[in-house]
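Engineer: Build the complex: two chains, separate frames, hints provided.
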Amino acid sequence: MVGILAVVWRNLRKRRLRTALTVAGIAIGVGLMLSLLTLSATGSRSTTEVIRRLTGADIIVYNASRVLFGREMGVPMQRAQQLPGFAGFGNLIDLSVYSALASIPGVSVASPVISFRALLNSTTTVVVYGVDLSTYTAISSVEVVDGSFLSSDSLSQAVVGKSLAEDLGISVGSSIELSYGNSTQVFSVVGVFQTGERFQEYAVYIPLSLAQSLTGNLDKASQILVKCSDPNAVQDVAQAIQSLFPELAVFTPTAMVQRTQQAVNTMTTFFASVGGVALVAGLFGVMNTMAMAVAERTREIGIMKAVGASKWFVLKLFLLESTVIGAMGSAIGLVLGVALTYVIAPLLLQTGATRAIGLAGMLGRATTSTVTLQPIITPENIVLALVLGVVVGVVAGIYPAYRAARMRPVEALRYV
Amino acid sequence: MSREDAVTVKNVVKVYRYGKLAYEALRGVTMSVGRGEVACIVGPSGSGKTTLLNIIGGLDKPDTGAVIVDGVDVAKLSEAELTRFRLFKVGYVFQLYNLIPTLTVLENVELPMYLAGVSKEVRRKRAVELLEMVGLERYADKTPDMLSGGEQQRVAIARALANNPAVVLMDEPTGALDTENTRKLMTLVKKLNRELGQTFIIATHDVSVARECTKIFTIRDGKIEGVYSPAELSKALHI
Chain R
1 MVGILAVVWR NLRKRRLRTA LTVAGIAIGV GLMLSLLTLS ATGSRSTTEV IRRLTGADII
61 VYNASRVLFG REMGVPMQRA QQLPGFAGFG NLIDLSVYSA LASIPGVSVA SPVISFRALL
121 NSTTTVVVYG VDLSTYTAIS SVEVVDGSFL SSDSLSQAVV GKSLAEDLGI SVGSSIELSY
181 GNSTQVFSVV GVFQTGERFQ EYAVYIPLSL AQSLTGNLDK ASQILVKCSD PNAVQDVAQA
241 IQSLFPELAV FTPTAMVQRT QQAVNTMTTF FASVGGVALV AGLFGVMNTM AMAVAERTRE
301 IGIMKAVGAS KWFVLKLFLL ESTVIGAMGS AIGLVLGVAL TYVIAPLLLQ TGATRAIGLA
361 GMLGRATTST VTLQPIITPE NIVLALVLGV VVGVVAGIYP AYRAARMRPV EALRYV
Chain S
1 MSREDAVTVK NVVKVYRYGK LAYEALRGVT MSVGRGEVAC IVGPSGSGKT TLLNIIGGLD
61 KPDTGAVIVD GVDVAKLSEA ELTRFRLFKV GYVFQLYNLI PTLTVLENVE LPMYLAGVSK
121 EVRRKRAVEL LEMVGLERYA DKTPDMLSGG EQQRVAIARA LANNPAVVLM DEPTGALDTE
181 NTRKLMTLVK KLNRELGQTF IIATHDVSVA RECTKIFTIR DGKIEGVYSP AELSKALHI
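Chains as they are written, first to last, in the numbering used here: chain R, 1 to 416; chain S, 1 to 239.
For reference, chain S alone in the conformation it holds in the complex (with noise of 0.2 Å):
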């Protein structure tokens, strides 16, 4: 494991259990990304990525094998500290439905920094360059349903932001977007990545936002197949 790792993944075996059937989502995967890339996790559904990324945010434990995000083993954590983990280390950009309802656009990118007892002053200048950042500082006061579903997942990265985490999980990100808002999300990736030097990791099945990637894996069956530079894209991909 280089220095310059931000995540690290080693031997992860994950097994799912629903009463006598066992169901093995991972079966031994290792990887590792890089500070400053922003990496993809290409592969058809059930293939395992989702499983992959959930043990890399902290969500969920792996049954054996390591996981070392920005120096810490996320499976040694216990349950308080895996809070603090996800509260600091890493942000979360679902597919759908990221944002709380009930709170503005603004509150909803303060949420991380109020739970880590940040200041009202400072977490709301922040929030508030987190939008401009994003380009939606004008739907600061609004609510997220007000907001298209390509600009709810900005605020959504803005939010994962917001406490600066070594690396950025996105799942299925622009699963639910047009072309031209995936080409606009994946702008603002890059646009971040370039900026801040953030770390990203997503998972996706599409081949636009895997272009856009400094390093893809291919994951099939539990297994990570291969690990390619955009250049091998295609090769990666069997197109």
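Pulled out of the complex, with its shape left as it was, chain R reads as follows (with noise of 0.2 Å):
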């Protein structure tokens, strides 16, 4: 006598198609829950991704009058004057604002920027950001490649884009020239930057006070970045704020974000539902087939039976069949949602991802914008597609089984 298990395995063997049938009704339903499950993950986590790397900031902002029209999914136009392309400034922030800001409840550290494009060494437009060293490595931080990020509020510091500093020879000890209108300013370049998107390494960053004087802006801000301390009251700062400076504009990325994860989202729920018809239908497909099995070998129970097999042993028989059914479909599943994921998840994150890296080129930083569509299938979610289709298969094998283990021996036997 073998295992248990072996007899079970001869039994599915024994009607090989229709076990495949039915594996297959499983796999199914499991394939399109793991890819699901991955392409909601994987959706969440490139949001995430893209409001860590859009500046940090949970609010930006700027000031209204400057704002022509704020139609590109709610980004200023003005902000898109300093993207290369757009020269001059508006109307900037003073900085009085910005202490103001500073001490609104909720407001964990406000940074002043001011953006502008300048030229360097009267040959390369560039985009130049002057950052106030304390509070904006507090909000953002810049992935420095070779160097340093800046390292004072006053010294003449300057980090060159990877591409820039490449396309001009310039390294780690050069000094380069920043010319705006009639003055222009020596920096030495203290450390290389990087973002993966070579328009967006075509910028300098130097410290604010010194970006002010070059641009005759002192006390001056063209932007000024957020950081809330409580990351679900973003909103609320952002009302508060437009309420005490109803000139300003009030512009929330994470809202961008949010809006984008709600769509994607909606979808997942869609396939979810999906999912889940699917597996329902593989449920009702193994009890089918157990229910036939039960039927069929109804002699075979009564023999068992008459030769003084317990109940507890004819149910276990049927609920490892149905077990196994569950398990085969699960692993045969696995794999087909890892396919079925990486033929959905570009088109269904494609529109979400690319959204919001548009948005993070606007946004008063370089920032990274390669976000990674990539899915990732986490082992949680294996094993919650897996533990699916076995339990499924426990589900649907108790009633057949259990119709098999209360069936009276004498009925069973008359079975031929």
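Take a look, some chain R residues computed to stay more than 10 Å from chain S by CB distance:
#: 1; residue: Ser-103
#: 2; residue: Val-109
#: 3; residue: Val-144
#: 4; residue: Ser-152
#: 5; residue: Lys-162
#: 6; residue: Thr-215
#: 7; residue: Asp-230
#: 8; residue: Phe-245
#: 9; residue: Ala-255
#: 10; residue: Met-267
#: 11; residue: Met-287
#: 12; residue: Leu-315
#: 13; residue: Thr-378
#: 14; residue: Val-387
Incomplete in silico selection of chain S near chain R, CB under 7 Å:
#: 15; residue: Leu-59
#: 16; residue: Asp-60
#: 17; residue: Arg-86
#: 18; residue: Leu-87
#: 19; residue: Leu-111
None of these hints come from the bench; they were simulated from the model. Keep in mind it's a predicted model, so treat the numbers as computed, not measured. Every residue gets a Cβ at the ideal spot worked out from N, C-alpha and C, and that includes glycine.
Structural biologist: Encoded structure:
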């Protein structure tokens, strides 16, 4: 006598086609479930990634008088003027606003940034970000690949983008000349940063005070980045700022990303229902197969009981059979789910993520915009999908197995 | 009831009900089979042979009366106790399809011992011995469908003996066999009876089977008509 599992396996092999079809039913359900769990996880992860890489700021404040049109994703158009292709300053924010902002409840850090276009070494147009070192680094982080980030608010230091550095042969220790209007100043390069996007790397970070003096905008900023102490209270803080300074434009990048997340969630829910329906259909498939197996083997059940098999033994025999079907369905569904994920993921995530990337490019910082679209199949989701398939197998098997177990031997034996 | 009795049946009544219809399968059966006997119950179809056998074997319960097998009143056992009773006290051989098709011949013989929790080495060894006893050890690893009807019945007998039952119950064991295989089967039954002292109760309407038994009960319309010795056989069978 071999183990009970081997017997279960022989019975399944005996009805190969039926077993295969039943397993396929479970596999499709599990596959769909796994891919949607993965997509949902990937969706929210990439969204989080986008938020993290945007600016680190929960709220960005502009001077509303400069806002021409907030059509494009709610981003004030004047911000676009500071991107390559636009030139000039609009009205700036007085730094007194900054002090007031910092004292609003819920605001953890506020950081003034002045950004403008300047000529580098009299040849190349670059975007310059003047940042307040201590507050900026508390909100944002710049990926420095060589040297270090600015170390002082008053020294003539600069951190340049990698593409820019490579194109112009600039390296740590080089001196560069930045010109704005009629004024020119020399900076020594202390670091090189990268974002992964060439156009964003045509940028230079310098201390805020030097940027202000270079452009002649003392005590001014083009935008103020705000980080909130409670990430969930961002909207409240944004409203507080807006009511305090009606003339300013208050923008919350996370809100944008949240909307994207909602879109992803809607799609996930849709796939979840499809996967759920498929699993339920699979469940009925297993139930049907098991009911047939019990009916076909009525005689066998009678013999086993006559020979002295307990109810529990018969129950176990059939329940194990449906469990094995569920387990096989899970295993195949796993492979199917992974394949499906890699097919659907790009279609599903592109929309959300690329919108967020576009957004990132418009914010007060050179950001890393390459958001990983690679689906992440987490061990948790794999386990969950496997468990789901096995549970379906067990649940589907309970009733037929119970019927087999409680079959009266005399009646079962009458069946030939 | 004698202490030597393997099976004692007293005033057993069994009524089957189908909705409003009631069918009296057994109408007060009393009989006893001693240890080491090969008894047979002879009667036409519908006379209650199978019902009686099923009640003795703990597959069915009598409505009234007592059934004592190896000192145990089967009628009083709970369902779980009946399962153990079937496992240890009786061995069963049916007319057809006795074996589990997905198990090998050896595994079929091992099955009752597996269910009884006998260790693998012990039950395998005993299963091989039992197959040798019925002369089919060479088919140990074959599946039942590769065996002839007669061979399958002999495997079923080997399986019935696995847990040393007090009695082996056979319900029309030769019903599907030809004369030659019937003769072989009865030769085996007598050999096992002689060598092991195994008690058998065989329900049959085959005269050639009845002829080989030590005690013959005739049953008709749910009642025992008479008990006969082999010598009285022709009288018993009304021939």
